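Dock chain B against the given chain A, drawing on the hints supplied.
Note that the protein sequences, when read in sequence, are chains A and B.
Under the numbering used here, the first sequence has -6 at position 7, and the numbering climbs by one with no breaks.
To convert, take the position in the second sequence, counting from 1, and add 46; that gives the numbering used here.
To be clear, the hints were calculated from the coordinates, so they are not data collected in a lab.
If you're wondering where the values come from, they're calculated on a predicted model, not measured in any experiment.
This list has only true hints and no planted wrong ones.
Derived lysine-lysine pairs resembling DSSO-like cross-links, with alpha carbons at most 27 Å apart:
1. B:Lys377 with A:Lys(-7)
2. A:Lys220 with A:Lys69
3. A:Lys34 with B:Lys110
4. A:Lys31 with B:Lys110
Sample of chain B residues facing chain A (criterion: CB under 8 Å; computed from the structure):
5. Leu111
6. Trp117
7. Arg118
8. Val119
9. Ile366
10. Tyr367
So, partial list: chain A residues that the calculated Cβ filter (under 10 Å) puts toward chain B:
11. Ala11
12. Leu23
13. Lys31
Beta carbons: idealized from backbone N, C-alpha and C, even for Gly.
Chain by chain, the residues run as shown.
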Amino acid sequence: MRDVKKIAIPEYDAIEKARRHVIALMTGAREAVTPLTFTIHYPKERKHMPDCFRGYILFTPENCINCWQCAFICPANAIRMKKASDNRYYPTIDYAKCIFCHFCVDSCSRGALRATKIHDVAYRDMDEMLADTEELVENPDVHREDERYVDYVLNEDDAVIKREKGEDRFFVEIPPPPDVRFVARCADPESCLGCRICEHVCESGAISSVVVNGVREMRIDEKKCSGCGLCVKECAMQILILVRVR
Amino acid sequence: MIAFGDLFRMILENRANIPVIEQMLGGIPGVDLILWKPFLALIFMPGFTGLMIVIMLMVWIERKLCARIQWRVGPREVFWYLGGLIQPLADGMRYFFQETIVHRDAHRPYYLQFPILAFIPVLLPLLFISAGPLIAIETDFGVQIAVALISLISVIIIGFGWAANSRFAYIGTIREAFMYFAYEIPFILSVVAMLIIYRTGNTLHIAEMQSVPGALLNPLAFLAFAVTMVMATSRMPFEIPEADQEVAFGPMVEYSGIMFGLVMTIAYEKAYVLAALMTDLFLCGGAGPQIQMLGDLSGAIWFFIKTFIVIIVVFSLRAIYPRYRIDQAMKIGWTFALALSTAALALSVVVSTVIPPAMGQ
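So here's chain A without its partners, still in its complex pose (with noise of 0.2 Å):
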C-alpha cells in the first residue's frame, strides 16, 4: 500500500478556470472557421490505393498447373478447389471467410492469382458470397460513384489531404513470373513401395507405372509434367523432388 499513489482532482482558482473556459471556446471558434476535417467522402471519391494493395482476387486459368497451393495456404480454409470440365481443379473463393491475406496470391507460383484494389467487396446474402471460379476469371461488375481520389499527403508538421479529379484504377498490371519450369523426379527408385499414390494424384499423367519382373516401376514423363508438386506432396516415403529445368 506504500506504493500507491493518490491523484487529486487539480483544483484551480477562479482565474484559471475561467482562461481555460476561454481556451476551449476560442479552440471551438477556431475549428468550426477552419476545421481540420480528414474525411473521405467514400462514394464520391476513393483513397488512392498503392498497387500492393489486397483487394478482391482475380484468375487466369491459363496460367494455373494445379499445384493447390493457394487452397493449402489458405488460413481462413476459404479456397476451395473445383473439378472444372477439363477434370482439371481450380480454386474458388468464399468472400465469407476470405480475409484478404492474399497467401494465395504470393503462394501461387505462376501469376494465376492477381490482386485487384476492389475493397468494397459485397453481396447481397451468403450464397452469392461463394465466388466460383467462372465468376474470379472476368473482371468484377463494379458500380463506380466516385469522381475523385484522395491522397494524404505528410508535411512537416501536419498531413493535409489531396484531391484530383479522375478515376483510380482498379486493376494492376503486374508482371508476368519469370519462367522457371519444375518438374518431379524420384531421387530414391530403390526405396519406392509402389503404392501408386503419385500416379492417382497426378492430373496431367505424366507418372505411370509398368511392373517388370514381378516389381513395380514408377515412370515420370517429364515432358508432361507441369511441375504442380502434388505427388511430392503425397508421396508415402517422401523420395520425390523437385527439381528446376534449366
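Relative to chain A, chain B alone:
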C-alpha cells in the same frame, strides 16, 4: 362592444410601414390586415415564420456545425449539393409515419396531452417579445409575463416524465426538477437586474432605449443570463435531464413517432424564445443599419439575425464541452450563477443611479 369601424380604424392606425409591399401589393384589401403590426408580429418575425425558420434550419445547422468543430462531416447524403440541407425534412417524414406507441404503464390522457399542452407556455412568450418595431401585445409587464411563462415549460417537461412512468423517464424527471431549481432563481434575478436599469418591462421600449447594449451596461447579468439560458435549454454542458447516453432523452424516452417530433421541437422553441429575450434585453433588439426598402421589417430582420447568432453560439457549445454531472451542475447553479446574478443585481442598482432614468423616455 367595439364597432366594426373602430376596429378597422385601429388596424389602419397601427399599420406597419413597408415600402416594398406597398409598391407591390398596395390597394389590395387584405394587405391592410397583414400589415397590422400585431398580426405581422404574430405571423412574421417573433412569431410563426421566425420560429419555423429556427426549427427547420437549426436542427441542420446544429448538426453541421458540431460536426465541423469535431472534424466530422455531418448529414450530407440526402441533398448532396447543399450539404444535406433537407435531412430534417427526411427525419420529420420518418417521425410522421412512425407508429405512436402508448405503453401500458403510461397515464394515457396526460401522456398524449402534454406534448400539445407544452406549446402554450412555449409559444405565448413570443406575444410579449418585440422584434424591431413589431410586437403582438404591448404591455409594461411584457418581460415579466414572458419569464413567468418560460418557467412553466419545465413543469410541462416534468409532466412528460410523470405521465411516461418509466425508470429512465423517472431519473430524467428528477434531474429536470433539480436543474429547474438550480437555474430558475439566477435566471429571474438576472432579468430583474436588467429591469432595474430599464425601469420598464415593455420590450419595445427596452429595445429602443439601448443606445449602449445592455450586455455592456451590466456584463454580469449578461453572463448570468447566458449561463442560465444554456441550463434552461438543457444544451450540452448541462444536458443532464435528457442525456441520451445515460437516460436516453430522459422525460421523453417513451415518446415515438410524431409525438417525439413534437416533444423534440420544444427544446428548440425554448431556445428561440430565450434567445429572443436575450436579444431584446442585452443586444439592442432590432437596432442596426436601416434598410429603406424594408421599412419596419428591417428592424425585425436585424432582430432575427441577432437571435439566430445567439442560438448558434449556444448550440455550438455542444461540440466544445463535455457534460457536467448533476451535482456539478447543481453546484454551478446554486453557487456561481446565483452569486453572479446577485452581484449583477447590485451592479444594476449602481448603474441605474449613475445613468439618468431619462435614458430612453
